[in-house]
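Q: Protein sequences appear in the order of chains B and L.
My numbering runs 75 ahead of the 1-based position in the first sequence.
My numbering runs 75 ahead of the 1-based position in the second sequence.
Treat the hints loosely; a few may be bogus.
Treat identical chains as interchangeable: a pair holds within one or across any two.
What the hints assert, rightly or not - Listed next, the in silico EDC-like pairs over lysine to aspartate or glutamate satisfying Cα-Cα at most 16 Å (straight line):
1. LYS381 - GLU209
2. LYS204 - ASP188
3. LYS261 - GLU146
4. LYS204 - ASP187
5. LYS165 - ASP400
6. LYS432 - GLU193
7. LYS286 - ASP270
For the record, the hints were derived by calculation from the structure and aren't laboratory data.
2 protein chains.
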Amino acid sequence: MTKIEQVIHYVDQQLKSRRLTPGMRLPSVRSLAKQLNFSVSTVVNAYERMLSMGLIESRAGSGFFVCAPLEPLILSHIEPIQDQNLDPLKISRQLLEASSFLIKAGCGWLPDDWMPHEALRKAIRDTSKDSVFELMNYSSPLGLSSLRELLARRLHTKDINVTPEQILLTDSGSYSIDLICRFLLKPGDTVLLDDPCYFNFRALLKVHQVKVISVRYTPDGPDIEAFKQAIIEHHPRLYITNSGIHNPTGATLSQSKAHQLVSLIEHANMVVVEDDIFSDFETSASPRLSALDGLKNSIYIGSFSKTLSASLRCGYIVTKSEWIDYLIDLKVATSFSHNNFSAHVLYKILTHGGYRKHIEQLKIRLADAMIISIHRLEKIRIQPWIRPKAGIFLWCELPTDINIQKLMSYCTEKGVILALGNSFGEAHTFQNFLRFNIAQCMHPDFFNILEDAMQYASMNRPLNSL
Amino acid sequence: MTKIEQVIHYVDQQLKSRRLTPGMRLPSVRSLAKQLNFSVSTVVNAYERMLSMGLIESRAGSGFFVCAPLEPLILSHIEPIQDQNLDPLKISRQLLEASSFLIKAGCGWLPDDWMPHEALRKAIRDTSKDSVFELMNYSSPLGLSSLRELLARRLHTKDINVTPEQILLTDSGSYSIDLICRFLLKPGDTVLLDDPCYFNFRALLKVHQVKVISVRYTPDGPDIEAFKQAIIEHHPRLYITNSGIHNPTGATLSQSKAHQLVSLIEHANMVVVEDDIFSDFETSASPRLSALDGLKNSIYIGSFSKTLSASLRCGYIVTKSEWIDYLIDLKVATSFSHNNFSAHVLYKILTHGGYRKHIEQLKIRLADAMIISIHRLEKIRIQPWIRPKAGIFLWCELPTDINIQKLMSYCTEKGVILALGNSFGEAHTFQNFLRFNIAQCMHPDFFNILEDAMQYASMNRPLNSL
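Please work from the sequences and hints to get the whole structure.
A: What follows is the structure, encoded as structure tokens:
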């Protein structure tokens, strides 16, 4: 690329990422030359080239302006990610596209046969007999009242005291968070995320074109000093987290951190979104920010994708009464309604005695899988960051002699999909980390394949070892 | 309100509608005084009051800046609507909240018992026997391939020639349009809408904070001269329409208008979103913009809410190959997946012989309802704007002696919900119009109630007539 082409490329990147949009003024020739460390004449030539390409126009006395049409919102252009393996959207799509034959050791959901399929089949059959009105009609704006009443009772047991009118059903947890981002954010706002955090939060925030500040996550919640500092420096508007069982670390928020966070959030006049979709896996109650602050500066999100079905989707938003009407308006405007049939099926499963039993058995099965996974991983020198109290995730560090690219490619070859640590974090902090799904790890071939992969990827292995 | 309070109220409105956001500079005292036609000292006093309230701050030499926190995105604050009866979101919510006992003569969907409930129940039961993988797992990003293959074949019959890989399943038609708005729009862009048009388009575009320009709709499509003029004056980026069966008018696009529109859209480098959710009601093929331009500058939207079920929702986007990947990314980032169960159920109904028969019978039933409705309405002096070729809508004009508020309140009292013309249009162009749903009008009591309401609301009625 010549220098002139480099300048054009730079402006093109600005257009693609929508930092420059139609009608906006380009930087002056002089300031761009200084910024890119090129001569003024190089930039002049580049601008002239772009003028003749019809990308920009010159207005006498006031400079150069964009006249190219607006670029569509292409997430991969917003800030191009060099390593495709770390692109959160590529990871999500790879996992969503994976056939049932692969070992999805890196995914965020249970194996199909761990899910309550008989209960689901029965609830579906029962719902097929519902009234024509329920089967055919749009839902009411808030959603099925009996399900919201049930959710309110379940929330009471977590000390989140709300009426059913404070619960808004939606099609999923992700959609719920998106709706809240629309409600509370403007492009350019700042949002705090845990580091590491669920990778799709980053993708979602790209859509909202906000600035993300990462706060280091410790084994009992975010680093409070770093959280304070981020508030002082960046005036964030929102903090999105999982406090019950944290994704990807499996950590649990401590009482003391929860208390400190609630105070900080209140003083900073910001809002926390508590994404609690793993809460049904919990074995002992951990604090919830929404319980502590009484939904004053917090919004609670739930869903059934992890424990009931990811195919019949249903999520919900719990918020203060003052905000419900505005959120309904946004929901009606952007998707009109939600899947009412799913809400009916889920209500039937949840009120059937079998569900509680299923969850109890699931917790025991997960506890066993946790012990086995830790044991098998430690044997091949993969070290859990913490021993989670519950849940499906194990966040692990690899020894330094492992070439992570080789590990990945060996596993991919053998039909095993891993989740690389870096995709959950900012920059390259988690280079040597992996998130394991302990339920998916129970696949009979998994640990043997991983053991071979570790040998193959070790830089210390003797030359004749393969 | 004192003059000072009026200034504060004005600034508060700017904050609520997010036209002023944190960190933005307020207009200078002098310019605001001029704009509101108040004295400079009034504005100075108002600014001082707001300073002490902590809403704004003063920076030496550079003016006053907003320091109030960002207002949430409250749609009803964006541009407050004086008459609640005309607020598109209030209308949608009223219809969604309406119980099955009301006569929803103004709604946009069929009565429950006109829907294929036996076929739906059977398809649900059949789907309950599907593999655990299908019942429990997230869908692939594009969605059920057999359904997309079927849709591609159906689209071929409309001369829209696409591969299944150009079809993206979503949870609804509304969600699909929202996703496209996210992809192609930025706040401040201009979008063309038909006047009148489906009221929820306006609500959706408020969320995207774009400028809406209305183009008069004629009995065979938009007024081409007005469309041209709007392009020249406003450089729109998008045009959203229903070309098959237009909502609310029931009109059909003519070949000649379709051809002219495609040329105009191509020259203006804009995109048309063709929302074709009523297409299964069509009795003879009318032109589709997406067929004419080969999806070059058009995107096609479909859904099954109107003909199969509004409870088990499923919609889809049809677009050129180059855009599919970007739309998948946006879908994954904002809602991760969609309801895969619904896609399976709908596929089973669509491939079952019963569906075609159901639609054929439905069309005959609708044709009858159209004749009856026109006859009954004309008898009470309510004049259809056109006689639609097909569909469920009849767009009608009331005689000038009718007090529309009285008509509404009488009907509401009797459990009949009407859709006022003004809610579909800009300003007060459609003061004397109503949109009727001819299927809902077949309720045995409807025309009698409406006849009484017309008498009650007529300003010519003799004083002793009630």
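Q: Each hint needs a verdict: does it hold in this structure or not?
A: Hints and how they fare:
1. With identical chains, the CA atoms of LYS381 and GLU209 are at most 16 Å apart between copies only, with a shortest distance of 15 Å across copies and 25 Å within one.
2. In this assembly of identical chains, LYS204 and ASP188 lie within 16 Å of each other by CA distance solely across copies; the values are 15 Å between and 26 Å within a copy.
3. In this assembly of identical chains, the alpha carbons of LYS261 and GLU146 lie at most 16 Å apart only when taken from different copies (10 Å versus 19 Å within one copy).
4. In this homomeric assembly, LYS204 and ASP187 come within 16 Å of each other (Cα to Cα) only across copies, at 14 Å, whereas the closest approach inside a single copy is 26 Å.
5. Taking the shortest alpha-carbon separations for LYS165 and ASP400, only the inter-copy value of 11 Å comes in at or below 16 Å, while the best intra-copy value is 36 Å.
6. Taking the shortest alpha-carbon separations for LYS432 and GLU193, only the intra-copy value of 13 Å comes in at or below 16 Å, while the best inter-copy value is 34 Å.
7. Within a single copy, LYS286 and ASP270 get their C-alpha atoms as close as 14 Å, which meets the 16 Å cut-off; across copies the closest is 39 Å, which misses it.
Comparing the model with each earlier hint shows no violations; every hint is respected.
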